[in-house]
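4 protein chains.
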Amino acid sequence: MADHDERDVLAAGLSGALTPFGHRLMARVYYADTDFSGVVYHARYLEFFERGRSDFLRLAGVHHTELHDGKHGEKIVWVVRRMEIDFRGSARIDDVLTIDTRTDDISGARIYMAQQLKRGDEVLVEARVEAAIVGENGRPRRFPKEWIAAFMPGRCDRARSSRIGSCDNR
Amino acid sequence: MADHDERDVLAAGLSGALTPFGHRLMARVYYADTDFSGVVYHARYLEFFERGRSDFLRLAGVHHTELHDGKHGEKIVWVVRRMEIDFRGSARIDDVLTIDTRTDDISGARIYMAQQLKRGDEVLVEARVEAAIVGENGRPRRFPKEWIAAFMPGRCDRARSSRIGSCDNR
Amino acid sequence: MADHDERDVLAAGLSGALTPFGHRLMARVYYADTDFSGVVYHARYLEFFERGRSDFLRLAGVHHTELHDGKHGEKIVWVVRRMEIDFRGSARIDDVLTIDTRTDDISGARIYMAQQLKRGDEVLVEARVEAAIVGENGRPRRFPKEWIAAFMPGRCDRARSSRIGSCDNR
Amino acid sequence: MADHDERDVLAAGLSGALTPFGHRLMARVYYADTDFSGVVYHARYLEFFERGRSDFLRLAGVHHTELHDGKHGEKIVWVVRRMEIDFRGSARIDDVLTIDTRTDDISGARIYMAQQLKRGDEVLVEARVEAAIVGENGRPRRFPKEWIAAFMPGRCDRARSSRIGSCDNR
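Chains as they are written, first to last, in this note's numbering: chain A, 390 to 559; chain B, 390 to 559; chain C, 390 to 559; chain D, 390 to 559.
Calculated directly from the structure, the hints in this document are not laboratory data.
Treat each hint with caution, since some may be false.
No copy is singled out in the list; a pair is fine if it fits within one copy or between any two copies.
What the hints assert, rightly or not - In silico lysine to aspartate or glutamate, EDC-like type, Cα no more than 20 Å apart, as pairs:
#1 K464 to E525
#2 K464 to E535
#3 K460 to D484
#4 K460 to D483
#5 K507 to E395
#6 K507 to D489
#7 K507 to D397
#8 K464 to D483
#9 K507 to D483
#10 K507 to D394
#11 K464 to D484
#12 K534 to D494
#13 K534 to E519
#14 K507 to D475
#15 K507 to D493
Using the sequences and the hints given, assemble the complete structure.
Here's what the structure looks like:
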């Protein structure tokens, strides 16, 4: 196998994929994720969810490095404001997990996402996440219009069909 | 300073202290807790909260090792079922944090705890935690009556004063 | 895209790939891996290395769950005995890393592995790892002969060509 | 107990203590530190070691925040360059650990530290750490002379007694 092809295969699923509902990522459970009770440590599920949100952003064209480097006018970071997490089942070492992320709503300076962590079809953990972007002074920033189109394609489809038209620049 | 005394001072606050409302622990923010945005990574707050709950248990006389070794009849582990977390502010490297934990309710096989992570008097993160204890088969177990007295002293005081008397074995 | 195909792509590189030298895995840097200095926290590189070793094992046919469930006679876990780590450069948020793992030697109850973490062709971190497998009593166990063939294919090739023949069961 | 006194007790051992050999810190093992094999995850020992080094710095008068805020002329961060770690034994949930840190040598822009993690008198993990301080451009910076006195008191004692006198500003 040529080096280039090999790299392609190895990196194929690295950022997950955009889906009709939002974004899907697959990830493995390693030693580092587990605790002595035998299953994944509860706070580590939040890291899997962060990966899902970060890769959703990435595939939607938003990069942490660019945000951080001020490509959007000033240094911007994402901040999680609130999470509701239901731990329904437990993931174990060697498990392959699916992390599904969708945007429920974007309202001014807040984005509301729903995430599911599954093993096969079994939902193990569910999270509702309220996040924001903040500038260097810690003040929240409004989401650029093109991000709304990127994170909530459905809203724009609906908006267009009802001629509300706030997603024209899609 | 004699070795014994030194150890006493170094270990003085290690498990925090029982308080009228429940339990208080102090902890430091290190490199490991932070992320590149400059503040504590959101999932690491859950580790601080776990420390608070674990030490509350410890001072109330409940040890993970004993639970795990089956001292209570079978191997028992704590499981977090649900968390609601409000991230109001950000902790930074070198910060000294206070983690306050109290029990809001115990109902059959569920315990409801409220936790605050503060820097000085400023509340940075608040969490509501629903936890359970499960046996080896993964089935929830009822909380022993003496634990209710240990985790919710207030309830027993109220119970006694109204002669309901379900906390007599305190 | 059919669901089955999509899953194949998403999971394609999940366990990395066996290579002539051993094993290669690619992984992404997320918020959780970084610290406030702006780059990956030094201890998190060890998690990337663990993923590399775990997936090398996996593709070589050795599963943590099976080891843990006693498929090999008793409950077995991997233990890292010694690490030498050179931190030459720093990985950053959003970086795609390559983790290369090879076995340098297997001797009785010890396995010696060399690992490199790279961004593109630049070696950021190098590690030499001495590991062992231990049984339930904590006592080291000898590596099964078929594992030697799986982890050190080169040695068996050399052994066969020189008719030493300790790798016949490959 | 008055609030002020309580805070004193809770925070008493928080930063450990300077010792004749360097620095000692005590810390507890929580769920978050363990993995499914039942003991502390190997990479988490590095977090305990970082706490020891950070608090040694703190008590020696060097604060990450001040370094980061450019109090010393430019933004400075600590970087670990190399670690050799021997994992001799395993720490378990609820264990109280002692982390001993001493400076072996300071040479230009490098500091060499030796660390031990113990449970009671039993040494579980030993580490040799080579670290450096780097400025904003990533270039190593020489250690200020007063830091040498702070981190290697012994060297200055020896220096003074032999009238070499490079530690006069202590």
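Hint numbers contradicted by this structure:
The structure breaks none of the hints.
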